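Undergrad: Using the sequences and the hints, build the whole thing.
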Amino acid sequence: MSKPLEPVINELEPCPNGTEYNFYFGPAHPGSGNFGVKLIIDGEKVVSARADPGYLHRGFEKLMEYRTPIQNAVLSDRLCVLEPLNWNLVHAEAVDELMDIQVPERAKYIRVIMAELSRIQSHIIWYGVFSKAIGFDTGFKMAFGYRDYILDVFELITGGRVYPTGYICPGGVRRDFPSSAKEKIVHVIDKMKEMIKLGELGNPAMAARTQDIGVLDMKVAIRLGATGPVLRGSGMKTDVRKDEPYEIYDQLDFEIPIRKQGDAYARYWVGIEEMKQSIAIIRQALDILPQGEVIAAKYQKPKITMKIPEGEVYVRNEVARGEAAFYLASDKNGRILRSKIRGPDFLHMIPVLEYLLQGKQIADIPAIYWSLNICPADMDR
Amino acid sequence: MGIVSLLFKNLFSKPMTVRFPHESIPIAKGYRGEHVYDIDKCMSCALCAKICPNRAIEMIDVSSEYKDRYAKKYPKIDLGKCCFCGLCEDICPTDAIILSKNVFLSTFDQSNMIRYPLPKKGR
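The listed protein sequences derive, respectively, from chains A and B.
Residues in the first sequence are numbered consecutively from 1, following our numbering.
Residues in the second sequence are numbered consecutively from 1001, following our numbering.
I should point out that these hints are in silico values taken from the structure, not numbers from a laboratory.
Hints are supplied without guarantee of correctness; some may be wrong.
[As the list claims (entries may be wrong)] Examples of chain A residues lying across from chain B (beta carbon under 8 Å, computed):
(1) Thr19
(2) Arg67
(3) Ile70
(4) Leu75
(5) Gly145
(6) Leu151
(7) Glu155
(8) Leu156
(9) Gly159
(10) Gly160
(11) Thr165
(12) Gly166
(13) Lys301
(14) Pro302
(15) Ile304
[Stated by the list, open to error] EDC-like, lysine to aspartate or glutamate: derived pairs with alpha carbons at most 16 Å apart:
(16) Lys276/A <-> Glu194/A
(17) Lys1009/B <-> Glu194/A
(18) Lys1029/B <-> Asp96/A
(19) Lys307/A <-> Asp96/A
(20) Lys303/A <-> Asp1090/B
(21) Lys1101/B <-> Asp152/A
(22) Lys45/A <-> Glu20/A
(23) Lys298/A <-> Asp1090/B
(24) Lys301/A <-> Asp1090/B
Owing to the predicted nature of the structure, the values given are computational and were not obtained by experimental measurement.
In this text, a Cβ means the ideal position worked out from N, Cα and C, and glycines have one as well.
TA: Spelled out as C-alpha cells, the structure:
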C-alpha cells in the first residue's frame, strides 16, 4: 500500500514572535459547507489564508465523457445543488449548438422562466446563509420558508423539488407546463416580492456587520477572475445575458444592478436587486409565452444513442453565482471526447477568498465567506 | 412595514409549516417517486436498463416458480442507486414502468430498496 501524500499547503511558516497559530475554518464547520480554509492567525487577525478544496470532487468532466447527452443532462443538475436548472441550461445549450438542434420557440421561453426562478431561489438561499453567518437567524428561517414556495413550482413543473433531473434537456424541455403552472408562478412571484420587501428593510445589524468588510476593488476583482454578483458589487457593469444574449434575453427588458463600494454589504444589495430583475424577466416572458411544441420533434423520446457530429463548442451563460461555461469536444465516432466545465465559484472561493481574508478579524470570516455566494459543489465539480 | 403591524400580522397568521404526520401538503401530479412496474405490459426490450444514468436497472430472470409464464429477462430496480430522473418512464414503449407519487421510501432494511420484477413466494 502506498503512503498517502503529504499535504503541501499545510506548512506553517516559523513564527517570528511566537504568537501565530494555525486555524481551520471548515470543512466540518456548520457555516462553511464542504469546504475549508486554513488560516494562520496572529491574535484575532488573519495573517494568511489558504483555501482547502477537494471535499466534494465527483469527477463530472470524466463522467460526462462516457455518457450520452441526455444522461449528462441528468448529471448536470448536480453541478450546483442550489441552482440545478441554470446548469441544465448551460449543458443543454452546449449540446444544442454542437448537434445543431433547432429549439422550439416555446421551449426557449420555458427555459428562461425556469432558469430565472432558479436564480431567485439561489439568491434566497444566499440571503439565508449570509444572514445565518452573521448571526441573524430570523433571516435564515425566513429565506428558507419563502424558498419552499419556489420548490412547490418546481415540483409541479419538473416533478422534483430540488433536482429537476435534466428538465432542460438537449432539444428543449422534457415536459410542457401543466395548465395551472402560469397561475402558480404568478402567485409565487407575489410571495417573492414579500420576501424582497423584508430583505430590503435595512436591518441595522446587517449593515453594521457587513459595511466596509471584505472590500474588493474592481481592478483586483478583474485580475482575480471574479464574475457575476461579486464583480457587479465592485462596480463593473457586466452580465452575459446582456453582453452575449442567449435564448430570448435579447427580447427582454431588464437592468444590470451594480454597486460601487465592493464590500460585503454591496454584494448583498446586488443580490436583492437581481431578484427584482429576475421577477421582471419572468413577468415579461409569461406575458408573451407562445404556444407550440416544447421539444424538437426528433428528441420527443429520450434516445440511447445520439450521434454527435465531430466538432467543439464553448457556451457561456450567466448563472446566479457568475459566469458558467461548458466546453464540449466530440470525435469522429460520435462520442464526447472532452468536456470542460467552467464554474464561477472556483475563482471566487480560491483566489478571491484568499485575497479578501488577509488581514481581517476572525469574526468577519463568515461574513466575507458567504458574501461571495459560494457553492462548494460547483467549485469541486 | 412597522414592527407593530408586523407583530400583529404574525400573531394572527398561520405558520408556514404543517404538522406533518397529521396533515401533509398534497404532492403534485407528475411527481417522480417510487416506480410502479407492470410485468404483463413489459416486452423485455431493456431500454430502461440502457438509458438509466445510474445503472440502477438490471435485467434478470424471474424466480423459478414463475419461469414457465415469464421466460424472458425483466428489470430489477435498485432504488438505492436510483436518482428518480424518470428517463425509464419516458423511454418505455409500453408504459410498463411509471413513477408514482410514493415518496415514503425510508427503511431500516437495505434489501427493501431492491424491487424485483415479481415478488418471491413467501416473501
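Undergrad: Hint by hint, say whether it matches the structure.
TA: Taking the hints in turn, this is what the structure says about them:
At about 45 Å, the closest approach between the beta carbon of Thr19/A and any beta carbon in chain B exceeds 8 Å, and the interface hint on this residue is violated. Below 8 Å, beta-carbon pairs count as interface contacts, and Arg67/A has one with chain B at about 7 Å; its hint therefore holds. Because the smallest distance between the Cβ of Ile70/A and any Cβ of chain B comes to about 7 Å, under 8 Å, the interface hint for this residue holds. Evaluation of the Leu75/A hint against chain B yields a held restraint, the C-beta minimum of about 6 Å falling below 8 Å.
Restraint check, Gly145/A versus chain B: the minimum CB separation of about 4 Å is within 8 Å; hint holds. The interface hint given for Leu151/A is broken, as the beta carbon of that residue sits about 11 Å from the closest beta carbon of chain B, more than 8 Å. The criterion of a C-beta within 8 Å of any C-beta in chain B is met by Glu155/A, whose closest approach is roughly 5 Å, and the hint holds. Against a cut-off of 8 Å between C-beta atoms, the interface hint on Leu156/A holds, since the closest Cβ of chain B lies about 4 Å away.
Given the 8 Å rule on beta carbons, the hint for Gly159/A holds: about 4 Å separates it from the nearest Cβ of chain B. Interface hint status for Gly160/A: upheld, as the beta-carbon distance to the closest one in chain B is roughly 6 Å, under 8 Å. Checking Thr165/A against chain B: minimum C-beta separation of about 4 Å stays under 8 Å; hint holds. The restraint placing Gly166/A at the interface with chain B holds, with a minimum CB-CB distance near 6 Å, inside the 8 Å limit.
With its C-beta approaching chain B no nearer than about 6 Å, Lys301/A sits inside the 8 Å limit, and its interface hint holds. Proximity of Pro302/A to chain B holds as hinted, the smallest CB-CB distance being about 5 Å (cut-off 8 Å). Given hint, Ile304/A at the interface with chain B, holds; its Cβ is 5 Å from that chain's nearest Cβ, closer than 8 Å. Under the criterion of a C-alpha separation no larger than 16 Å, the hint pairing Lys276/A with Glu194/A is consistent with the structure, at around 11 Å.
Only pairs whose Cα atoms come within 16 Å are accepted, and Lys1009/B paired with Glu194/A is accepted, the gap being roughly 13 Å. Under the criterion of a C-alpha separation no larger than 16 Å, the hint pairing Lys1029/B with Asp96/A is inconsistent with the structure, at around 29 Å. For the hint pairing Lys307/A with Asp96/A, the CA-to-CA distance comes to about 13 Å; that is within 16 Å, so the pair holds. A threshold of 16 Å between alpha carbons decides the hint, and for Lys303/A with Asp1090/B the separation of about 10 Å falls inside it, so the pair holds.
For the hint pairing Lys1101/B with Asp152/A, the CA-to-CA distance comes to about 14 Å; that is within 16 Å, so the pair holds. The suggested pairing of Lys45/A with Glu20/A holds, with an alpha-carbon distance near 9 Å, which does not exceed 16 Å. Restraint check for Lys298/A and Asp1090/B: the C-alpha separation of about 14 Å stays at or below 16 Å, so the hint holds. Pair hint Lys301/A plus Asp1090/B holds up; C-alpha atoms about 6 Å apart against a cutoff of 16 Å.
Hints 1, 6, 18, counting from the list given before, are not met by this structure.
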